[in-house]
Amino acid sequence: MHRVIMILFVFCSIHSFAQDLTLSGYVKDFSTGEELIGANVSIDGTSFGTTTNVYGFYSITIPKGEYQVATSYLGYKTSVISITLLDQNVKLDIELEEEASVLDEIVVSDVREDANVSDVQMSVAKMEVAQIKKIPSLLGEADIIKAIQLLPGVSTVGEGATGFNVRGGGIDQNLVLLDESPVYNQSHLFGFFSVFNPDAVKNVKLYKGGIPAEFGGRGSSILDIRMKEGNKKEFKGEGGVGIIFSRLTLEAPIKKDKASFVLAGRRSYLDILAKPFLKGDLRDSKFSFYDLTAKVNYRINDKNTLFLSGYFGRDIFDSGFGFDWGNGTGTLRWNSILNDKLFMNMSLIYSNYNYSLGVSNEDGEGFDWQSQIVNTSLKSNYNWYLNNNNTINFGFQGIYYHFKPAQFSFNSGGVSNDISLEDKFGLEGAAFISNEQKISEKLQLQYGLRLSGYRYLGGPTIYEYETVEPGEERELVNSYESERGDKIEDYFNLEPRFAANYKINESSSFKLSYNRMAQYVHLASNTAASSPLDLWIPTTNNIKPQIVDQIALGYFHNFKDNMFETSFEVFYKDMQQQIGYVDNADLFLNENLEADLLQGDGRAYGLELYLKKKKGKFTGWISYTLSKSEVKIEGLSRSEWFLSKFDKPHNFKLVGSYSITPRIELNGTFTFTSGIPATLATHGQSVGGVIVPVVPDGSTNQQRLANYHRLDVSVIIKNKKNNERNWKSEWIFGAYNVYARRNAFNLYYQVNEETNRNEAIRVSILGTVLPSITYNFKF
Amino acid sequence: MRNIFSYLTILVFSLVFLSSCEDVVDVDFPQSETTYINIDALIDNIPQKQSIRISRAGSFINEVQEPIENAQVSINLNNKTFNFSHEGQGLYSWTPDTNNYIDSTVGEVATLNVSIGNTTYTATSEIKRVPNIDSLTVENYIASFTQQPVTSIMFWAQDLPNGTDYYWIKGFRNNEPQEELGNIAIDGAFDENSADGFIFIPPLREFLEVEEGDDTDSSFVNGEELRVELHSIEEGLYEVLSSAEELLDNGGLFAVPYFDLPSNINSSVDGEIVLGWFSVSNGRTEMMIYEE
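For the record, the sequence lines run as chains A and B.
Just so it is clear: in the first sequence, position 139 is 254 by the numbering used here, and no numbers are missing.
Just so it is clear: in the second sequence, position 2 is -3 by the numbering used here, and no numbers are missing.
To be clear, the hints were calculated from the coordinates, so they are not data collected in a lab.
Some clues are possibly wrong.
What the hints assert, rightly or not - Facing chain B, a subset of chain A residues (Cβ under 8 angstroms, in silico):
#1 T794
#2 G804
#3 T815
#4 E874
These figures come from a predicted structure and were not determined experimentally.
Cβ coordinates follow ideal geometry from the N, Cα and C atoms, glycine included.
So that you can see chain B by itself, here it is in the shape it has in the complex:
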């Protein structure tokens, strides 16, 4: 009898909390045969290799991405032209050097030019202002929800007051990006109406963190290189990133309908749908070597 009771209890309990079950299924409805030019050109002025991906984007579920290998890619800024060369698999890159680098004059507008066959694609991006990173610190605390110890690497910077600024924050461990798309912020917080001139609030300032107990393999080790990039971006890219994040996390009971991302890339062919965004963000980076 006791067993039956326990079984019923668990049954009811699981109905509430685990009621929804999820399983991988085959998609049996027809997939669109149409592909669209996809120009993924998110670069910055940090002196490091810059890359642009160009492909024809097809079905998500069938993973159709056809690299475009014959494009001409260049960026104009301040009367300078930076030519990107094809590395393979639709990846075009350019590495700045002491003579040839992106000048971060706030307010300057960079232009992207891509030609594929007879079609040209253009886009522009404005350099925005960015604050300096003051320092990086390591903090240990107990997470309030899970009660697990957390090691958190924080950057300290203050949003520039007066005016709305959009930021893109990326954390790297030994130069490996840690979050798929990093974090985004407005005025050092999450919302333009509630913040201005804030020191980046937690959790935004925690660009890397490891919670003990969920995965001990991921603990920071002495000598590890930890680095943050803080990019000031245009509102449009902020929208793209926040939407992309929502689309990647979409799921569960209250999933929202999928939608299209904004694009700032224009085609010389009237009415052509082009996917992608061009941005030259004004970035700052700071690194530290981890020591316990």
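So here's chain A without its partners, still in its complex pose:
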């Protein structure tokens, strides 16, 4: 890596002999001082232009002269500034004012509204938080994860299920980053709400394909969530009161234009509300969830800024039986402008997911079970604005994993025992370099390479297994003690990344992309929906890294002055070393868990259609995905291809928002998807005279649950602004699952105890319409 950086700097110094000068700086929100991500900076009358990076920084190199610099960003007034570049580089921080009329009539002039067509990136969805907040949601709580499920290529296995599936990939194939820190479980209350407080979020971007080289470690997608920095100009607050929980976010400068903070918290009050209704033993029940998001930033000088951000959330259920889980993350970040063309970000990242489960009585009988995954990471990346046609991005990342699969002790009948599993350790490293290159006005490329490596580290007992019968539990052939830190097994992967954009004309383009992704951690989950107990497991000498290759091709077209945006994409994914499970796999408290895991091939392909209306009284989108996702694992399902558990051939979403008056807005979403596949019993087998439901030929996911559909609506009524108190507020009245459809979450068989007949039971998460009222405020 050192050599690469040296070579790059040599190039850099050669280049500085040229006559061009550099204009660089940050683009910020005028009222909050918040850096704007993806704002467009262009030089009027020329083809020179760029966009701000994820930290709000831009750099353009142009010949000497006088220019008009136009800066624009969706929802903001375009700023035009005159500058003269004479004999030295210019540093220019640009502040944009929010479009005042946004609330009244949506007429946003934004020259970069054609990003859909002109960006080199494809298979990317960027969602504005304001947009997410409009979408009717469960109990009126705006939800980032639920909102991205409305996009093409994104689906979920069912209501209230944790996580999401992107283009036929598993939920563990999504790298969900909150300020660069991975969040291993994104759910509160199993999966009803996501852990991200929308009031503290600045930007949400989902990469489904053509993933840039700076990202890696998961097979299918990157969900990049950036937190607000905190208002640098004045004290501001916002929040809401809903049926299930309340939110409050405060942000203020600590030292004007130098340092600021944001602090956001949410807490559910189910337990408080339910207390009067609880009797007897349930009286002391606790069930709640909360999350806290905080960030401070400090601008050391014009060139250096420090950020410290963290998230802490927990779900607690306690009613004689205790169960709690949650994530904690922390990011310390240093942004530095090394020179006018070279921007550096260095991050120290910590992330932790853990759960605990336990029960005990007065006699001390009971059990205590805890599990945890912790990782610490150092990441550094550099944006080098080489010249007007080339922007180079390079960097490295190292991640240290500490897995604590289970600490388990029990006491029963005076016998106590500890059957904890040993901790496991892994080290992941990556170096990457990529270039975004403008070949011509019509052709733009982004190409890069990521080299990733992983070492399974010593510490625990090392097991070696042998496959005796494919698809059956693997047999233990050897085990030995290992020293902490020893090399047990190494893996290396070269991951090429490529994206191209060919502009047919101003309003349409073709894009092509390819990426290879290597994944070194896996989620062991054998149920239709993941549960908070599911274990993250490392790549080991027995479990190989997952490798995903994806190629995608798309046609992008905007029309009516970018009022409408359309895209048509096809993708094909080839997946290696996908995780499968032996029959009756024992995933918990099993020191030989790896013997129960199988690996095989996966493939997914499909097409995605997207039509979005961005302006006018009526806004919204239609998204449709036709796809197939399959797995083939030797020994499972007769060693033939079978449907993956998240295969959904049809996935249709309709999202609409209509402003009746400037103060009243009507919103609705309609979802229609195929049901998920399920492995249901085909035969009844007598065991000791009891008929047991079985699948004799071992076929997997041979049935499919009924189609899923649901309509949600909401009305947003904005109260008149109180100018004196600078208080803005709104009411949201919503209804989720309006026509009370009982969508099947899963299906199982049982013997009816009264009639003694075999029957099928459909489990639905919500069988009814759920009304909601939310009051939101801002000051």
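Could you slot chain B onto chain A? The hints should help.
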């Protein structure tokens, strides 16, 4: 207003705890027409009537079980042959007597022979060691979770040390089996790594129990005959029983995919899928008459 608030509270509360609703639905996807030979041959050496069920197993949901009535069924052990005769409905039985009984020599291997038409099915089972049951006791206590009084009938036995032993425990009231498939244990507890030579731990030793309050009709009555059977079984049958239990209890939000049970029965027809298990378990039984 108060009513609305109560309604909302209950609504939210029920969302969390009763959010999932379950209802019986018709299965509209096509059911497999294929049927498989199912030989359910779990017998033991306790001197009582022994039965083997033979059928063609079909759709679970349509309850297709076609009894096979023309099979020849016998077991060989220690140079003795025990012939099972058809009782009707695919049930084949044999009752031991003083001259003709299963000798429980540990390590002996029994062979099952079943012929149906031109096809023969065979399987073997090894007799495992089993501890004696020391005694049965009645205990009354308050259940820690529900705070309800419980009457529990316990058996006292100690797992044989050194080596992993698999057990199948069945409780009977007036000779009626009480749990569908009984209980299973490893080394007197639940796990081979954590136990060896244990006195069977609770709740395994509680082979019958009645919790007052859930059903008073089920309370033990004086004079009732309470009996336990403790069987030592092979690991394979333990797997079958633990999987069967999981399949029978499968359901709810986090249901697992259905799967097939292991089988130790071989067919003379190559590649034929045969369902079932053959086992001759080494059993001990002890009974008591209930008195309050």
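Minimum beta-carbon distance criterion (8 angstroms), A/T794 to chain B = holds, 3 angstroms
Against chain B, run the beta carbon of A/T815 and see if the smallest gap drops under 8 angstroms.
-> holds, 7 angstroms
Residue hint A/E874, partner chain B, criterion CB-CB below 8 angstroms = A/E874 check passes; min Cβ-Cβ to chain B is 5 angstroms, inside 8 angstroms.
Hold the hint about A/G804 up to the distance rule: shortest CB distance to chain B must be less than 8 angstroms.
-> A/G804 check passes; min Cβ-Cβ to chain B is 6 angstroms, inside 8 angstroms.
Against the hints set out earlier in the document, no violation occurs for any number.
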